[in-house]
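Using the sequences and the hints, build the whole thing.
Chains as they are written, first to last, in the numbering used here: chain A, 1 to 455; chain B, 456 to 697.
Just so you know, not all the hints are guaranteed correct.
Mimicking DSS-like on lysine-lysine, the simulated pairs with C-alpha atoms at most 25 Å apart in a straight line are [stated by the list, open to error]:
{"#": "1", "chain 1": "A", "residue 1": "K195", "chain 2": "A", "residue 2": "K228"}
{"#": "2", "chain 1": "A", "residue 1": "K328", "chain 2": "A", "residue 2": "K420"}
{"#": "3", "chain 1": "A", "residue 1": "K195", "chain 2": "B", "residue 2": "K685"}
{"#": "4", "chain 1": "A", "residue 1": "K228", "chain 2": "B", "residue 2": "K523"}
{"#": "5", "chain 1": "A", "residue 1": "K228", "chain 2": "B", "residue 2": "K689"}
{"#": "6", "chain 1": "A", "residue 1": "K265", "chain 2": "B", "residue 2": "K521"}
{"#": "7", "chain 1": "A", "residue 1": "K228", "chain 2": "A", "residue 2": "K282"}
{"#": "8", "chain 1": "A", "residue 1": "K316", "chain 2": "A", "residue 2": "K228"}
{"#": "9", "chain 1": "B", "residue 1": "K523", "chain 2": "B", "residue 2": "K547"}
{"#": "10", "chain 1": "B", "residue 1": "K551", "chain 2": "B", "residue 2": "K521"}
{"#": "11", "chain 1": "B", "residue 1": "K648", "chain 2": "B", "residue 2": "K692"}
{"#": "12", "chain 1": "A", "residue 1": "K282", "chain 2": "B", "residue 2": "K685"}
{"#": "13", "chain 1": "A", "residue 1": "K4", "chain 2": "B", "residue 2": "K464"}
{"#": "14", "chain 1": "A", "residue 1": "K282", "chain 2": "B", "residue 2": "K689"}
{"#": "15", "chain 1": "A", "residue 1": "K265", "chain 2": "B", "residue 2": "K689"}
{"#": "16", "chain 1": "B", "residue 1": "K689", "chain 2": "A", "residue 2": "K195"}
Some chain B residues flagged as far from chain A (calculated, every beta-carbon gap over 12 Å) [said to hold, decoys possible]:
{"#": "17", "residue": "L550"}
{"#": "18", "residue": "G557"}
{"#": "19", "residue": "P558"}
{"#": "20", "residue": "R597"}
{"#": "21", "residue": "G598"}
{"#": "22", "residue": "L668"}
{"#": "23", "residue": "A674"}
Calculated directly from the structure, the hints in this document are not laboratory data.
Since the structure is predicted, the reported quantities are computational estimates derived from the model, not experimental observations.
Here a beta-carbon is modelled for each residue, glycine too, at the ideal position from N, C-alpha and C.
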Amino acid sequence: MDRKRWWIAPSILGLALILSLAWAYSEYQTRQELGVALENHYQRLFFDVKKHVENVQVNLSKAMLSNSREQNVLLLSQIMNEAYFAQDKLAQMPITHANTANTEKFLNQAADYSYNLIQTHLDGQPLTNEQRASLANLKQNSAKFNEELANLQSELANQDFTIRSLVKEQTEEVEEGNKNIFQATLTSIEDNMAKTPELIYDGPFADQMIDREPLGLDDKDVSVEEAKKIAREFFGNDRVEKVTSFEDGENVTEVVIPSYTFSLKQNDTSRELSAYIGVSRKGGHVIWMNNPRPINEQEISIEEAQNRALSYLSEKGFDNMEPNYYQKYDGGVLINFVNKVENVTIYPDLIKVKVALDNGEIVGFDAAQYYLNNHERDIQQPQLSVDEAREKIRTDFEINSTRLAMIPKGKDEVLCYEFKGDYRGEDFIVYINALNGKEEDVLQLIHNENGTLTF
Amino acid sequence: MDKLKKHKKFIIMTMVLASVFSSILLFYEPIYYLGKAGFDKSIAPRLLYWGSQGEDVKNVQWQLVKWKYLIGDVDGIFGPDTYRAVRRFQQKNGLKVDGVVGPDTAAALGISLSEATPASAQGVNRQGDEYLLARAIHGEARGEPYIGKVAVGAVILNRVRNPNFPNTIAGVIYQPLAFTAVADGQINLTPGKDSIKAARDALNGWDPTYGSLYYWNPATATSKWIWSRKVTLKIGKHWFGL
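Shown next as structure tokens:
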């Protein structure tokens, strides 16, 4: 009997071995296919980046020579496109941020700067000498970049190197770096880009926009203890049991609005959740507050909530605030308030207040924009009348309301007539500069059951 | 006697090896399905989840009340009761139990989800950004205090506005080697309601980090480079920096 059965176990084992080999082989094949697909994708991105940078370089050279504004607008719009494409594709490649940050910034700013120059051209102004110098600078940089990419391209063709292998190497050996030609080239490009002189212009990616200082804070320094007191009073002295500071890092004062951040433990023992609050180090203003308590069923109306928010604001010392848009979510309603000075709506002075719709409690407050932008303004008299401004807009745009408003433009503000209305069944806001009649902006309003969004 | 012992050894060995192989096979399956389920969700046209409101939610609630999964009002707000009822329904009907009404669950309920916006602005909304950001927050910071979740969302949005980074939310989140939760697929988990709420607060402007661009967990950070950043503040387990 034993003699008959001895082969059972080995054959089961053998069968298992064959099965697992077959399974492993199919896994291996799938892996191979995925790997090749990924590598193809990365190769495509790399060749695309090269091509886009090439186009940026060539178009920059042309733009410097060309003396016609029309031609320049076309060239600059191509530069903008190609630079954004290059940036977008570069950011999809498996390269650590440390190796691309400056390069991405260069491409973003080249695009942003071109857009800015297009606007100057459309305003009828020729290029200044500084602007030409900036273009020359950009060109030099992109030429250097392109040259390095070309070297890399021929190196890649000569050796057996896969871009996807970077993923593994970089996560394991970030600090060592420079392990291969690819990384070495990237580091050299990156170092070169870091030396780019700062571009002086007005756009969302300009250094001046990123490093700007808040305008609405006082100079007085506030200590932690004072800030704790301010936080406690802002939230309601009787409701706070304990105020705890978040741990600061050594560069805490280098953020946009240097602040103390606290969590507030509430008296009410039935609530385990903390509320959070940020108080500025200069002037001791409450920059934001958030109380993430769960909200029960809706008991009060949006109107009621708006009134509560308004009285809350005036209690905190913000008079002349005007409710604008609201957005309902998670049982609360978030209302945007903007400052109003002498009948002019000042959009940059924005405060957001979130009201819980169960009992009308204020559960959120955000005045970061307000303190960033608020300052004594010298509001000019409009040079155009409403009717003159109206003539600048399509006659079939049906206007429902008109008012004067200050809107942000880069780091400046412009005084505009705001026309809210409807065009072919869709809602828009059109802004006409009240000083020179230029159409500054068009916004589309999207309504749904929870509120309004602007795009 | 000896022979019998040997025989037993063989059988035991066979059993052990067979169970090892089958466990390997079983072990591989769930990961594959996790990725797949997540992917299906990310291309879904419209989802109803905790916090959603409107006609569609009413339709779902009406159906759930009819079939006795939900006892309560049909109020058009996706709250805790509706969430639990949806989960019960999904469990009973062999659907993925996640408390989110996607195309599959909607089909099983016998309703079709409408577009949220009127035809004039078809498809223009913020829901996609909201849900993607919520997933990133959930993958990266689900064990963190609420404000730590908002902070992670705020860092992603600060990157969108910074020239050193991609210019879209998806671009920032899916940038290779940027977030571990993206690399290991945790981003495809269904976000909890706190993550969704935190994503909305971050999109609406709350920034507890005051413009920070990086964060790292000192216990798990593998990159030395990250320590060369300027350190701003600590929220929960994460350090934030510029």
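Here is how each hint holds up against the structure:
1. Under the criterion of a C-alpha separation no larger than 25 Å, the hint pairing K195(A) with K228(A) is inconsistent with the structure, at around 43 Å.
2. Restraint check: the Cα-Cα separation between K328(A) and K420(A) comes to about 22 Å, which is no more than 25 Å; the hinted pair holds.
3. In summary, the hint linking K195(A) to K685(B) is supported, as the alpha carbons are separated by about 20 Å, within the 25 Å threshold.
4. About 51 Å separates the Cα atoms of K228(A) and K523(B), which puts this hinted pair outside 25 Å; it is violated.
5. For the given pair, K228(A) sits about 18 Å from K689(B) by alpha-carbon distance, which is consistent with the 25 Å threshold.
6. Restraint check: the Cα-Cα separation between K265(A) and K521(B) comes to about 43 Å, which exceeds 25 Å; the hinted pair is violated.
7. Among the hinted pairs, K228(A) with K282(A) is consistent with the structure: their alpha-carbon atoms are about 14 Å apart, no more than 25 Å.
8. The suggested pairing of K316(A) with K228(A) holds, with an alpha-carbon distance near 16 Å, which does not exceed 25 Å.
9. Of the pairs offered as hints, the one joining K523(B) and K547(B) holds, with about 12 Å between alpha carbons and a cut-off of 25 Å not exceeded.
10. For the given pair, K551(B) sits about 21 Å from K521(B) by alpha-carbon distance, which is consistent with the 25 Å threshold.
11. Annotation: proposed proximity of K648(B) to K692(B) holds, straight-line Cα distance about 21 Å (limit 25 Å).
12. The suggested pairing of K282(A) with K685(B) holds, with an alpha-carbon distance near 20 Å, which does not exceed 25 Å.
13. Annotation: proposed proximity of K4(A) to K464(B) holds, straight-line Cα distance about 17 Å (limit 25 Å).
14. A distance of roughly 20 Å separates the Cα atoms of K282(A) and K689(B); the hinted pair therefore holds under the 25 Å criterion.
15. Distance check on the hinted pair: K265(A) and K689(B) sit about 18 Å apart at the alpha-carbon level, within 25 Å; holds.
16. Taking the CA atoms of K689(B) and K195(A), the gap is about 32 Å. The hint is violated against a cut of 25 Å.
17. Every CB of chain A lies more than 12 Å from the CB of L550(B), the least distance being 25 Å, so the non-interface label holds.
18. No Cβ of chain A approaches the Cβ of G557(B) within 12 Å, the least distance being about 20 Å, so the stated non-interface status holds.
19. Distance check for P558(B) against chain A: the nearest CB is about 20 Å away, which clears 12 Å, and the non-interface claim stands.
20. Annotated as non-interface, R597(B) keeps its C-beta farther than 12 Å from every C-beta of chain A; the closest such distance is 15 Å.
21. Consistency note on G598(B): stated as away from chain A, and its beta-carbon is indeed over 12 Å from all of that chain's, at 16 Å minimum.
22. With a least CB separation of 10 Å from chain A, L668(B) falls inside the 12 Å interface cut-off, contrary to its annotation.
23. With a cut of 12 Å on Cβ distances, A674(B) stays outside the contact zone with chain A, its closest approach being about 15 Å.
Hint compliance for this structure: hints 1, 4, 6, 16, 22 are broken, all remaining hints hold.
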